[in-house]
Amino acid sequence: MFGTENIKIMLTFKDCLAKTGEIGFVEELMLSVACVSGLPGAHLREQVLFETGQRGEVISLHARIADVMVFSREPLRVGTRVVRVGYQFSILAGKQMLGRIIDPLGEPLEGEKDWTEKDMEWRPVDIRPGGIATRKRISRVFETGVILVDLLIPLGHGQRELVLGDRKTGKSQLLWRAVKTQVKKGNICIYAAVGKKKMEILQTWNFLKESGAISSTVMIASGSNDSSGEIFLTPYTALTLAEYFRDQGKDVLLVIDDMTTHAKYYRELSLLSRKFPGRDSYPGDVFHIHSKLLERAGSFEKGSITCLPLAETQMGDMAGYIQTNLMSMTDGHIYFDTSLFFAGRRPAIDPFLSVTRVGRQTQTPLQKDITKRLLQALSDYEKTSRFVKFGTELGENSRAVLDMGEKIWQLFDQPINEIVPLPLAQVLFVLLAIGNFEPKNTQKAIENYDEKKITTLLDGCSTVDQLIDKINKENFKL
Amino acid sequence: MDYLTKDQVDILKHEIDILMNSKYQSKTNELVRETTLQELEKRKGDLENWKLEIENLRVLGLTIANEPTRSNVMIYGAWVKKNIGEDVIMDITIDSRIVAGAQIVWNGKYKDYAYVQRLLS
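Chains as they are written, first to last, in the numbering used here: chain A, 3 to 480; chain B, 1356 to 1476.
The set of hints was computed from the structure by calculation and includes no laboratory data.
Backbone N, C-alpha and C fix where the C-beta goes; we use that ideal spot for every residue, glycine too.
Worth double-checking, as some hints may not be accurate.
[Said to hold, decoys possible] Below, simulated DSS-like cross-link-like pairs (lysine-lysine); rule was C-alpha separation at most 27 Å, straight line:
1. A:K454 <-> A:K370
2. B:K1464 <-> A:K21
3. B:K1437 <-> A:K16
4. A:K16 <-> B:K1406
5. A:K21 <-> B:K1466
6. A:K266 <-> A:K294
7. B:K1437 <-> B:K1406
8. A:K446 <-> A:K186
9. A:K479 <-> A:K374
10. A:K16 <-> B:K1464
11. A:K479 <-> A:K446
12. A:K200 <-> A:K266
13. A:K479 <-> A:K187
14. A:K374 <-> A:K385
15. B:K1437 <-> B:K1397
[Unchecked claim] Computed footprint of chain B on chain A, listed as stretches where at least three residues anywhere in the stretch have a Cβ under 8 Å from a Cβ of chain B:
16. 15-27
17. 268-279
Next up, chain A with everything else stripped away, as it sits in the complex (with noise of 0.2 Å):
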């Protein structure tokens, strides 16, 4: 592939101009896209970069003139010169990152820059995805504290699931708690922001601080008033990073936030350099950026990226173009549902929309066995709710069903600094069950949590009837 050779230095304006021998001149400006005549070798996805300091990737090649994408918000002046670099857009790689938050690319937004290209890795950020021989059965379960999901919509890592919802119905603060108990665990995580507003940079920022987990993660923002080009590098930047962590050995967590901001982006930069647009005025390409991108996590023999990327909702709607498309090329989703949102339902997640199709594979036997009564009293409950509403008598198992319902749904309800482990989850909800815990003694339960306990009573256990047994013949009490 063009450009992904091994690169040791960044080249200056005149470095480039004697390596290559060729120059351009932009001829034309159209916010982030830059139409450059000269060039003729200019290859596409290739870095350039502007006598001005700005660097730039070509993103198409017309007979006379080459659209370039700018990164960088200082405005460029018609007739200014650009030359070629030779290789891809990178940036530099490294441990010195962790617990910074960076642009694009690569520099600290947050205070000083206190790495060397000394014992970092430049990486081309836009590299083709591993092949299967480099990827492995995703079997391991992944965890991120959050009840719900770790019972019900089980992942692995390496798996790529989206999670989808409208604006405001808690999708963020799942990651958030999904980042925490990944670090806690001694994984590395790595958090994109794309476009999104300060505030909302910072809120995260805050939180991750805040939560201790910043000193595993890195975290990549661009702000709405950043360029175009540096938005849309963002995702880029962020696997790159994460693919440097993952060729150490690590298992790392990736978050994008959000793949729909992306597209709505990717859309402008297209229609700026002329694409013929499709539907809803994307370019036909925007499946292909999404799926390669996407295809870059996964299990691999080295580590794993576990990729957990964001698409918006409007009002519900999950058959839009791009969230069908992620859909489509992610192994499952979690829906975020506003009417449960309102209704008081924190996380606000569908249990019966969302989609895990790898994750259940990484279950242990009780695991599964677990999930499948929790989905069965779960659906029993819902039936019997919707009964009631003709105002009908409720016989004794009926009460019964509603009663677990409402039980189960309480221990679900997590506070957003809430992390419950797995192995306690699944000894919750088996307790509640047999009716030897209530929900409100969650709190209480995650503090005196003995990781050496819950393990031994787990151990050897493949299914519910099991563990019941066990816990009435120890006589186990949390």
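Please build the complex by placing chain B on the supplied structure of chain A, with the hints as guidance.
Relative to chain A, chain B alone:
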């Protein structure tokens, strides 16, 4: 034979544009206006052809250290016409920082024959 540089060609193109666009804005009396319009109508094809020819001219970028005299331009122009093509015009830029010599841009290719490079190397 006179030789036009890119700056002069740009002025010429601008003047053609003014001429082509001004026929409906004439403030002269009715008779003069009528005559001008008829004359312009006859020449309309020519003007459009000239404009097209100008737009299709190829440009050779040349950066030199000092303002060239008219005779210098003629000499450079004659060389360019003979060796590169009749349809090539020069876009001359003055940059005293190159000290002497020239920097040439042709079809996106860049050649640096500036004396400052020798001084620095």
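Against the structure, the hints:
Restraint check: the Cα-Cα separation between K454 (chain A) and K370 (chain A) comes to about 22 Å, which is no more than 27 Å; the hinted pair holds. At most 27 Å may separate the alpha-carbon atoms for a hinted pair to count; K1464 (chain B) and K21 (chain A) meet this at roughly 12 Å. Distance restraint check for K1437 (chain B) and K16 (chain A): the Cα-Cα separation of roughly 32 Å exceeds the 27 Å cut-off, and the hinted pair is therefore not satisfied. Proposed proximity of K16 (chain A) and K1406 (chain B) is contradicted: the alpha carbons are some 36 Å apart, above 27 Å.
Under the criterion of a C-alpha separation no larger than 27 Å, the hint pairing K21 (chain A) with K1466 (chain B) is consistent with the structure, at around 11 Å. Between K266 (chain A) and K294 (chain A), the direct Cα distance comes to roughly 17 Å. Compliance with the 27 Å bound is thereby established for this hinted pair. Our distance criterion of 27 Å between C-alpha atoms is met by K1437 (chain B) and K1406 (chain B), whose separation comes to about 23 Å. Taking the CA atoms of K446 (chain A) and K186 (chain A), the gap is about 19 Å. The hint holds against a cut of 27 Å.
Our distance criterion of 27 Å between C-alpha atoms is met by K479 (chain A) and K374 (chain A), whose separation comes to about 24 Å. The straight-line distance between the Cα atoms of K16 (chain A) and K1464 (chain B) is roughly 14 Å, inside the 27 Å bound, and the hint therefore holds. Between K479 (chain A) and K446 (chain A) the CA atoms are separated by roughly 13 Å; this keeps the pair inside 27 Å, and the hint holds. With a CA separation close to 18 Å, the supplied pair K200 (chain A) and K266 (chain A) stays within the 27 Å bound.
Between K479 (chain A) and K187 (chain A) the alpha-carbon distance is near 26 Å, which keeps this suggested pair within the 27 Å criterion. A distance of roughly 17 Å separates the Cα atoms of K374 (chain A) and K385 (chain A); the hinted pair therefore holds under the 27 Å criterion. Under the criterion of a C-alpha separation no larger than 27 Å, the hint pairing K1437 (chain B) with K1397 (chain B) is inconsistent with the structure, at around 34 Å. A stretch counts as covered by a chain when three or more of its residues have a beta carbon under 8 Å from one of that chain; for the region 15-27 of chain A and chain B the count is 6, and the coverage holds.
By the rule of at least three residues with a Cβ nearer than 8 Å to a Cβ of chain B, the coverage given for the region 268-279 of chain A is violated, with 0 such residues.
Going down the numbered hints, you'll see the structure goes against 3, 4, 15, 17, while the others check out.
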